[in-house]
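Trainee: Listed below, chain by chain, are the residues.
Number of protein chains: 2
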Amino acid sequence: MYDYQINRERLLRHLQELGNMGRRNDGELSRLVASDVDKLGRDLVVKWMKELGLDIKIDRIGNVFGVWSTEENQNKKPVFIGSHIDSVINAGIYDGCYGVLSGIEVIQTLKENEYKAKRPIVVSFYTNEEGVRYQPDMMGSLVYAGGLDVETALKSVGTDGSILREELKKIGYYGENEPGFIQPHSYIELHVEQGPILDQMKIPVGAVENLQGISWQKITVEGVANHAGTTPMYLRKDAGYVAAAVNVFLHDMCIEVPNSVATVGTISYEPNAVNVIPSKAIFTVDLRNPDSKVFKELENRLDEFLNKISMEVGSLIHKERLVRFEPVTFNQGIVEIIEKSAKNRDIVTKRMTSGAGHDAQMMSRICPTAMIFVPSLNGISHNPKEFTEESDLENGANILLDVVVDLSSK
Amino acid sequence: MYDYQINRERLLRHLQELGNMGRRNDGELSRLVASDVDKLGRDLVVKWMKELGLDIKIDRIGNVFGVWSTEENQNKKPVFIGSHIDSVINAGIYDGCYGVLSGIEVIQTLKENEYKAKRPIVVSFYTNEEGVRYQPDMMGSLVYAGGLDVETALKSVGTDGSILREELKKIGYYGENEPGFIQPHSYIELHVEQGPILDQMKIPVGAVENLQGISWQKITVEGVANHAGTTPMYLRKDAGYVAAAVNVFLHDMCIEVPNSVATVGTISYEPNAVNVIPSKAIFTVDLRNPDSKVFKELENRLDEFLNKISMEVGSLIHKERLVRFEPVTFNQGIVEIIEKSAKNRDIVTKRMTSGAGHDAQMMSRICPTAMIFVPSLNGISHNPKEFTEESDLENGANILLDVVVDLSSK
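Chains as they are written, first to last, in my numbering: chain A, 73 to 482; chain B, 73 to 482.
Think of the hints as simulated: they come from the structure by calculation, not from any bench.
Honestly, I wouldn't trust all of these hints.
Label pairs and their in silico Cβ distance ranges [as the list claims (entries may be wrong)]:
1) L307(B) with L112(A): 34 to 42 Å
2) A345(A) with K274(B): 46 to 54 Å
3) A345(A) with K242(B): 26 to 34 Å
4) L307(B) with L124(A): 37 to 45 Å
5) L307(B) with Q77(A): 33 to 41 Å
Lysine to aspartate or glutamate pairs mimicking EDC-like chemistry, simulated, CA-CA at most 20 Å apart [to be verified]:
6) K274(B) with E461(B)
7) K380(B) with D324(A)
8) K352(A) with D324(A)
9) K290(B) with E342(A)
10) K290(A) with E342(B)
11) K129(A) with E248(A)
12) K227(A) with E250(A)
13) K111(B) with E294(B)
14) K380(A) with D324(B)
15) K482(B) with E408(B)
Every residue gets a Cβ at the ideal spot worked out from N, C-alpha and C, and that includes glycine.
Isolated chain A (complex conformation):
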């Protein structure tokens, strides 16, 4: 059952070729969704899908599906392999593309080996995973899974003032199928980790068993501006101190509670003068944990601390919810298949949590889902320096191959 091997050279060639598609003369790769250069990338991947004999389907949000089915299996629910090929600004070549191209490589390998799947196999890529040009991110898969109305999504206004529907039409990827038109049997996504854990631990493959819940809040503290020299500590309502105390509280809480992370990534003070006590501090909190119950507890503890500190200092606090995604637990059966495959191939593996959001997060709403991670050198991603070793890329694709074989053989 684990005798197949993907073609490493072909996968790497495809990665380089797609990685150069739309690259500017100055070397920058910015394949923002539904742009002219996104069209170049899409056309290349669709060309490869067609060369493999896959049946190309496009839905109204621009998600693309290359379907490999036979007369015998065409009535069964297909195994989905998926990810995305849109990029951030000044991107690397692995994020997203690696998963899609490995899917193509897996099908090509299986076809070359005359593998008879009991289910159709679909390699897919989803519109606007990155969310750079239109909000929200992971849009295509969210719409596909029924989490966002397609008409609402198509009306999205881009950072450049464009409307997504018009842009998809312009590049020829406003398809005719309704999102969700194929019900998947299962969904598997292979991705670079975009974090430092596998690289630090020198573990070549991660079996991703869950995905963190994400809470983003914008918090505004209103204190009172006053003279930094003449106002005693006990008479201050220092909005900047409140922001600092929240940051330290979050840090200590996330050190205490395993698998939690919190980040105050943005801050501003008013009036922002050396000798004036800040009357206002505006900052954001990014809080994540993979367990729904613990996630909720962390959010509650933050709320309690905000109440406590604002009472102590005599400041007002206003909270604005920016983003909230519940944690996702992936399908344990598929995670075990990943581990079994790695064991058979003598590849060390580790169960892990995805810290970032992925299309798999959305697809898990409608079918059994899991992810395979390979290391990102120094955890770097969303950056031209993004890099994964060739042997790791090969290992990941081979494990994807095994998982697809396992899922499509029943």
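Got chain A sorted already, so can you dock chain B onto it with the hints?
Mentor: Just chain B now, with coordinates in the frame of chain A:
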């Protein structure tokens, strides 16, 4: 000895008149040093000095002295009354002006009462106390006391690109006397508190016995930017967290150590994105304490904490000194004269520390010095809402009168 009374109505009228000098049509008062509107203010005060028969002297940094001397006392060192009449942007009418105009009022009262001083009495105002247009603040008195070379000061470049020397010449206040040309016997400054203590405690007069040391530092923390979701807490070098921890440390330390205040008034992060760990945090620390030894200890504790936290987090810290003034202890003899006068007049008084810097801070380098404070409503200053009750203004000026009589009678 305490029979004289200043003329309340005249003092209030002068305050209003100077407070409207240079006021814009939209109501804003911004009499920045050496500007055309500063000239209007200076000319008015000099006119009043001349009407009193005072001998006007101007030094090369634009400090102005109205000298009242007689044949009998002209060889003795004079008692100085002083403050400033330049203002911040969008100022109130009391800060500085109250001290200068009370000085004029005191001399007028003494003249009307045919008081025979054993020493000359000088009412003076000093250039650029506020430091809004040129750095450093308290420049005129600092130069007068020998703490800054006059040529260096005159070369100062303003926020508007102007050169102080040229601007002083333009308004006719580049005098011929070398700063320091009159050696004072003593210096007394009456000022609004610019802080909340007297107003909160309902005490009408403060006998200011010392002035806080002031330390300003700009601190840059260099961490490492990384993904907020995929970077575990133990692998972070979060520059923003370090800044927050320093803020909380300063707060706790100044709660613990009496008479200390610390303020983080400005902050910025890089890259300042919700889901990116800050790679850089730049913030300022304003630290004050009136006792030289304790002040130094607080600075050392801050240094130690900066070292400790940067070791823990693995960040780099760069400190830049912006301002440092040692604490000043005023002359206890003059402080006691203030208290004695208040007692004789049945006015409750309180020994206190000045949290802000004043010209008295500089003049104390060259002669016995002290300050008298009157309440600022709600501690508000540097603001059009700056306000002191008329009775408090009268009390303060009467105590100034008594102190001048005491000092000039020996």
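Trainee: Each hint should be assessed against the structure and marked as holding or not.
Mentor: Tested hints:
no.	hint	in the structure
1	L307(B) with L112(A): 34 to 42 Å	37 Å, holds
2	A345(A) with K274(B): 46 to 54 Å	30 Å, violated
3	A345(A) with K242(B): 26 to 34 Å	29 Å, holds
4	L307(B) with L124(A): 37 to 45 Å	41 Å, holds
5	L307(B) with Q77(A): 33 to 41 Å	34 Å, holds
6	K274(B) with E461(B)	12 Å, holds
7	K380(B) with D324(A)	16 Å, holds
8	K352(A) with D324(A)	24 Å, violated
9	K290(B) with E342(A)	17 Å, holds
10	K290(A) with E342(B)	17 Å, holds
11	K129(A) with E248(A)	8 Å, holds
12	K227(A) with E250(A)	16 Å, holds
13	K111(B) with E294(B)	47 Å, violated
14	K380(A) with D324(B)	16 Å, holds
15	K482(B) with E408(B)	16 Å, holds
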